[in-house]
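Protein chains: 2
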Amino acid sequence: MVSFTEEERSAVYEAIYARRDIRRFRDDPIPEDVLERIVRAAHHAPSVGFSQPWDFVVVRDEETKAEVAEIADRAIAAAREGYAEPTRSEFAALKLEGIRESPVNVCVTCDPTRDAPHVLGRSSMKRTDVYSTCLAVQNLWLAARAEGVGVGWVSVLYPYELQEVLGIPPHIKPIAYLCLGYPEGGFPEEPVLQQEGWRERLDLERLVHDERWESDRDRS
Amino acid sequence: MVSFTEEERSAVYEAIYARRDIRRFRDDPIPEDVLERIVRAAHHAPSVGFSQPWDFVVVRDEETKAEVAEIADRAIAAAREGYAEPTRSEFAALKLEGIRESPVNVCVTCDPTRDAPHVLGRSSMKRTDVYSTCLAVQNLWLAARAEGVGVGWVSVLYPYELQEVLGIPPHIKPIAYLCLGYPEGGFPEEPVLQQEGWRERLDLERLVHDERWESDRDRS
Chain C
3 MVSFTEEERS AVYEAIYARR DIRRFRDDPI PEDVLERIVR AAHHAPSVGF SQPWDFVVVR
63 DEETKAEVAE IADRAIAAAR EGYAEPTRSE FAALKLEGIR ESPVNVCVTC DPTRDAPHVL
123 GRSSMKRTDV YSTCLAVQNL WLAARAEGVG VGWVSVLYPY ELQEVLGIPP HIKPIAYLCL
183 GYPEGGFPEE PVLQQEGWRE RLDLERLVHD ERWESDRDRS
Chain B
3 MVSFTEEERS AVYEAIYARR DIRRFRDDPI PEDVLERIVR AAHHAPSVGF SQPWDFVVVR
63 DEETKAEVAE IADRAIAAAR EGYAEPTRSE FAALKLEGIR ESPVNVCVTC DPTRDAPHVL
123 GRSSMKRTDV YSTCLAVQNL WLAARAEGVG VGWVSVLYPY ELQEVLGIPP HIKPIAYLCL
183 GYPEGGFPEE PVLQQEGWRE RLDLERLVHD ERWESDRDRS
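Chain order of the listed sequences is C and B.
The C-terminal position of the first sequence is numbered 222 in my numbering, with every residue numbered one higher than the one before it.
The C-terminal position of the second sequence is numbered 222 in my numbering, with every residue numbered one higher than the one before it.
Possibly wrong hints are sitting among the right ones.
Stated by the list, open to error - Here are some chain C residues pointing at chain B (derived, C-beta under 7 Å): (1) Ala77; (2) Ala79; (3) Pro88; (4) Val158; (5) Tyr160; (6) Leu206.
In case anyone wonders, no lab produced these hints; they're calculated from the structure.
Think of the CB as a built atom: it goes at the ideal place given N, C-alpha and C, for glycine as much as any other residue.
Okay, chain C solo, but in the shape it has when bound (with noise of 0.2 Å):
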């Protein structure tokens, strides 16, 4: 049984901490080792029965990055139609992604077949297999973090199109698509939607509840 010093707690804290939402990416390689590590790390995840539904699929070729981001700028396109200003504009001027910049995309996908009909755990919520990948990709970008690569979420894509373009089969569902790299700049003090004014961080006294929701107490 390890047990952790202050230091080594210290260390996952600042994990944790100092983990950022990365859109901005210099573009020299991660070494094949550290990008091993960091896939690793997300195998290494906890999931729903030991099921590990995870697969990664690792893309470096510009035309494919290329296709991607196409798809993200539609879909960005259209989200920004839905705004009403002068949020628009605010949303217009946010950098979303660094699909092309970043040297590696790893597109994080869900089988929810592995294991299956039987899985542990999976009987009463059936969507655990889904909130297992997440955990994976949680460890991914930690460790990634402590590897120094910054990694960014690009949700702002269409899942079947981009299926097509990284040929995922029909029954696998891609959860998260990710680009990874060393970050333009470092990583920022604060999350960038925090910089940029979109959003504050939540006070978490708001958000905890003690033995029962108690919706007028934290919420009013």
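Chain C is already provided as a structure; the job is to place chain B on it using the hints.
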């Protein structure tokens, strides 16, 4: 910009690799400051559009835990009936949850209406609110590991019943019901379900796809 030393990087990987799903707990309480750090780590997860859709219901009351455990008992019995022998007996022999034994339970929920209707990044992938909540769970799990606190995720639960017991409003989605406490006998070397012979860890090479899915190469 913080860069990690070799030792700090190793500590992050150690948290990732030595984290386990724990179902056997000692009854020592978790100090308040430790629990606060663990929950705050969860709150610093990435979220779609910085929407922070999570809440945390912290349960210590024995009666509430007993009510939740009773839901789990039925869900486990129901799942067991679905298996054919010999898997049914193997399943029945597993200890799947430590709801009553663990000093603290935390229900992590997702509010799909927070910051809605125009959450940045949710226009084309609607369930990224739930994905974000899962990232918070993994932060919590790793912070707990660094603190020496074990976490077990109980998904053999009927979510609508859980919602009723905890007074969670109908539009809020319970994602994870977590048992927290100091693990009896420490953290196992391997995942519990692997130790018990339920499943093996998959070979990562089978799960990594170069450029495209290319189903024939890896998965035949």
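Which constraints among the numbered hints does this structure fail? Numbers only, ascending. 2, 3
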